[in-house]
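Chain B: place on chain A using the hints.
Protein chains in written order, with my numbering: chain A, 1 to 620; chain B, 1 to 620.
These aren't lab readings, by the way, just hints derived from the structure by calculation. What you are looking at is a predicted structure, and each value in this text was computed from that prediction instead of being measured. Accuracy of the hints is not assured; some may be wrong.
The list makes no distinction among identical chains, and a pair is therefore deemed to hold if it is satisfied within one copy or across any two copies.
[As the list claims (entries may be wrong)] Below, a list of computed lysine-lysine pairs in the DSS-like style, where the Cα atoms sit at most 30 Å apart:
hint, residue 1, residue 2
1, LYS457, LYS584
2, LYS567, LYS10
3, LYS584, LYS567
4, LYS564, LYS584
5, LYS248, LYS402
There are 2 protein chains.
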Amino acid sequence: MSFFDLVVGKPLATSEERAEQIGPIAGIPVFGLDALSSAAYGPEAALTLLIPLGLAGIAHIVPISFAIILLLAIVYFSYCQTIDAYPHGGGSYTVASENLGEKAGLLAASALMIDYVLNAAVGISAGVGSLVSAFPRLLPHTLALCLGILLILTLINMRGIKDTVTAFLVPTYLFIGTLLFVIIVGAFRAVAAGGHPVPLIAPPHVPASISLVTLWLLLKVFASGCTAMTGVEAVSNGVNAFRPPAQKNAKRTLTIIIVLLMTFLAGIALLCRAYSIAATDPNSPGYQSVLSQLVSSVMGRGWFYYVTIASILAVLALSANTSYADFPRLTRAVALRNYLPHVFNIRGRRLLYSYGIYALVGFTAFLLIIFGGVTDRLIPLFAIGAFLAFTLSQAGMVMHWKRQGGKGTRHRMIINGIGATATGITLLVVLVAKFTQGAWITAIIVPGLMITMSAVKRHYDGVARDVVIDRPMRVDNLNGPLVIVPMDRWTRISEKGLRFAMKLSDQVQAVHVDAEEGWEEIEHNWQRNVAAPLNQAGRQVPALIFLNSPYRFVLMPLVEYIEKVEKEQPDRQIAVLIPELIVKHWWQTPLHNQRSQLLKLLLLMRGNQRIIVINIPWYL
Amino acid sequence: MSFFDLVVGKPLATSEERAEQIGPIAGIPVFGLDALSSAAYGPEAALTLLIPLGLAGIAHIVPISFAIILLLAIVYFSYCQTIDAYPHGGGSYTVASENLGEKAGLLAASALMIDYVLNAAVGISAGVGSLVSAFPRLLPHTLALCLGILLILTLINMRGIKDTVTAFLVPTYLFIGTLLFVIIVGAFRAVAAGGHPVPLIAPPHVPASISLVTLWLLLKVFASGCTAMTGVEAVSNGVNAFRPPAQKNAKRTLTIIIVLLMTFLAGIALLCRAYSIAATDPNSPGYQSVLSQLVSSVMGRGWFYYVTIASILAVLALSANTSYADFPRLTRAVALRNYLPHVFNIRGRRLLYSYGIYALVGFTAFLLIIFGGVTDRLIPLFAIGAFLAFTLSQAGMVMHWKRQGGKGTRHRMIINGIGATATGITLLVVLVAKFTQGAWITAIIVPGLMITMSAVKRHYDGVARDVVIDRPMRVDNLNGPLVIVPMDRWTRISEKGLRFAMKLSDQVQAVHVDAEEGWEEIEHNWQRNVAAPLNQAGRQVPALIFLNSPYRFVLMPLVEYIEKVEKEQPDRQIAVLIPELIVKHWWQTPLHNQRSQLLKLLLLMRGNQRIIVINIPWYL
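If we strip away everything but chain A, and leave its shape as in the complex, we get (with noise of 0.2 Å):
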């Protein structure tokens, strides 16, 4: 087994991909991290927003919160009859494109890929800021851990799905289980004390209200609560992963990620309120995280404390995760359509789409080092894509049950349609919330991205028109090529070349150069070393032809010799024979000159299909 095997792991067979599909339990690390992970940001920057309400503040998250709940059991109805209706996976730019046309798939398709790349540079980032506030001294390495993690998610993900649970299971559900533990002995606290309980640690104290609420306010913490929503639509776009029934798996799934999220996000508001647990200023020093406040609220800061803090931060950190499974299905769906380069299609040694993971670490890892590895100045442009997406998404099943017909129609119609209405609203809050914060720059680079990708579609159809032929072969005129082989002095390597040509072909050219060196020795050394022989076998010589160089260029006679050549034989193909000497080690390579390349890049320049370069290689 070679050291590279061990990394990434042996390749795996075509046939062996049944082995690599999942069920829900193991769904939930693939998939379900971005979501889940919501949990611990999602409430963080709502609250964080209501800072200046104070106390008052406080009670404004519940209403919120269930809101947000609400719109994340329409969105979780909508996508259980997406995955009914495409059991190869209906992720938002299959359901887009085919119901609402290939314009509308793009613009998913695009949002889509832009909050991919975000949730991947905006979860190993988050999960890297709360390590470093933890260690200051960790500070400077901010962007090497960063990118340390990156690497480590990409290798487990080079290795497969399977390989990729293994790793993450134990976080993914220590978290689950942590999390669940605390809301649920903080509310049997809570409904024991009468809705008062005393916190073991009390959190710190929340000044009086410093402003008054407004409308404008609520909505923008409507619209940051949201950004707990991205990531629901990644089950439905990963039905294919599923061991069958691959759907029920993939609903079973989906339900269990959003039962636990809209437990969360319940029991984190309910809490904080019972508790009176306000964000605190991430700019001050005293700063301190609301899940950290409310874990030390209802469990003191014993060992549990310590271990539910960092399956946090682990959790945080792998939400990235979730990019890694869709991100690459998302593009091979769109390269399918030859709206993107056809290397997404390639399935890799462990039957990922391995082009679509490299294209999404670049990404994050241009994000990562542009942004020094503190990414939160992208989170305002985090929900926009994903909200997009759901609400094309949405429509576009609306749509389909249309065309579709049917038992059942209206109703499904319904569901998809208030589902369709909810994102749409949500997007509209979100975008008007969040355009002068940076929502903006994602205006700019969803159709930068729409165009490139209609302009990757014009050249494969363009390819396609030139290369497709509805015909039998022609056999007509399969004469032997010309072969033209330039020729300097006597050596091994001429031999060998001229020996190819005239193993290809019957019609043979020596032609040589004479810049500086004296041409009747050429001409002798060819009457004794090739005429003669090849007389005495009896055998056609070829035509030993002079191009004279009064200015010592070597290329431009040649290539103007065979172009002339080229125009004199309209029924032969021109072969050009070229000796290439293949160095043994690269410092080799200045140490001989570079004209038999240069000569193939001016041949292939000139765009003559008729003309063919053989390289003839001589290994030193």
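Coordinates of chain B only, in the frame set by chain A:
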């Protein structure tokens, strides 16, 4: 006339060589600028070391200068004999390697190559340095000015010798004329005033002695003054550049250069003593160069002063030109003996060894950039290369005469022997005096260069052994090759490939790697589109071979199959035909898989002499 022709000149035919040759008048700007410009910095360097001695120091400059002049005379006579003996150019490299062995030759070549690069860098930065001290506002642009002058020098030199002469004739003779005039007028006034002339503008006051003179100090002064002798080698290396009688013209040129330089050195030394001119501290604000003091003492500060100073500046910057004339000749001589890449032998469009110029410019630009255009610190390294080359060359000449024998041998051996001894002693003095100031760097680089050159030679010798052939061409076994065509879907590209394969040989195999697509469709298409029409035409149908690929690899099964076939067919060459899509725009490259390139690379890397890859270009 294209823009390119306008900038570097039209190409010159090999037959125009005679017209490019020069006489003594033109020889001075080409070969003499390095030596003559020494008058501007040699005495300055010596006097700077004498500053601590005050007035007493000025007295010492005369004997030291005459010692240098004596050495110059010895070297002059030696080199005249070298020119006689080597009518095609007798640089130190040629003389040393022919008479003292290859090792000695390489030592001389390394030393000289370093020296020429240093000369170019130091010359340009000295010129710019003087300019900047006159116009301090230019200081931030020092590097840009240096690189600009390097570029101008390069463009002028790339046009060939004749154009170089045209460009540099005026500044060269202006410099010679004005400086001679200053010396004559000054000497006349000094004699008229009985040895104590009154300066028109008094030079800065020279304080009395601060420290006592030591032998060590005088040796260091001598070593510094010897930098004036670099560039003397140039003419003997470039005898070829002169028009017939080449040796006579070369000797005339050398004589003029040496006599002028001697006059300058003697005149400057005597006038400095007569007018009590000492060097000033270059780091103090009152700095004024020795020549500036001298000219203003003798001539005042009228227009003549400014013309003289300007021509000195110009000649300093142009002194780099000697490197342009000689470095390419040196690298060519070394490359002729296989110790440097053969590109150094190629004569470019203007009959120059262009690659030598590229290398010189590259290294000079590198030095200028890493030192930011201030190369003062390189000056200590300077004279070592020159004196090492002088010594080896003179010693080689002694051996040359000894070997040759005949009339006048003894006389000639004595002249070159004195030269070798004198320059050898000077080399020791310079080495010891400058070792800690940076001469040790030369002591590291020289062996490094020698090792590299020996490795180059070994490589070329190996290649020559590999490819040499002393027998006529083998004419047995000229069977057509077995042609293997990797085949995907049935397209125009496959048709072109298959047709070309059938033109080359009657042994053709089409190979399909069955990764994920169905082989049935390929088989069906083959029967209908290839087999049927060929059968109808009564031609042989190529074999269609399926390679199974459970792990979806495309290239490895192909490579393995090709190697298997190669082993099975010991008496046929294998030609692999790879269709290659050529895109119109570079950005389209990632839209097509690069498998054909990769397959070619994989096959080349196997290093099998019998497998030949043929790319069939398809232009989109």
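Hints, one by one, checked against the model:
1. Taking the closest pair of Cα atoms, LYS457 and LYS584 come within 30 Å of each other only across two copies (15 Å); inside a single copy the shortest separation is 42 Å, beyond that limit.
2. In this homomeric assembly, LYS567 and LYS10 come within 30 Å of each other (Cα to Cα) only across copies, at 29 Å, whereas the closest approach inside a single copy is 54 Å.
3. Taking the shortest alpha-carbon separations for LYS584 and LYS567, only the inter-copy value of 23 Å comes in at or below 30 Å, while the best intra-copy value is 39 Å.
4. For the identical chains of this complex, LYS564 and LYS584 are inter-copy neighbours only, at 24 Å across copies versus 36 Å inside a copy, given an alpha-carbon limit of 30 Å.
5. Taking the shortest alpha-carbon separations for LYS248 and LYS402, only the intra-copy value of 24 Å comes in at or below 30 Å, while the best inter-copy value is 102 Å.
Hint check: no violations occur; every hint is consistent with the structure.
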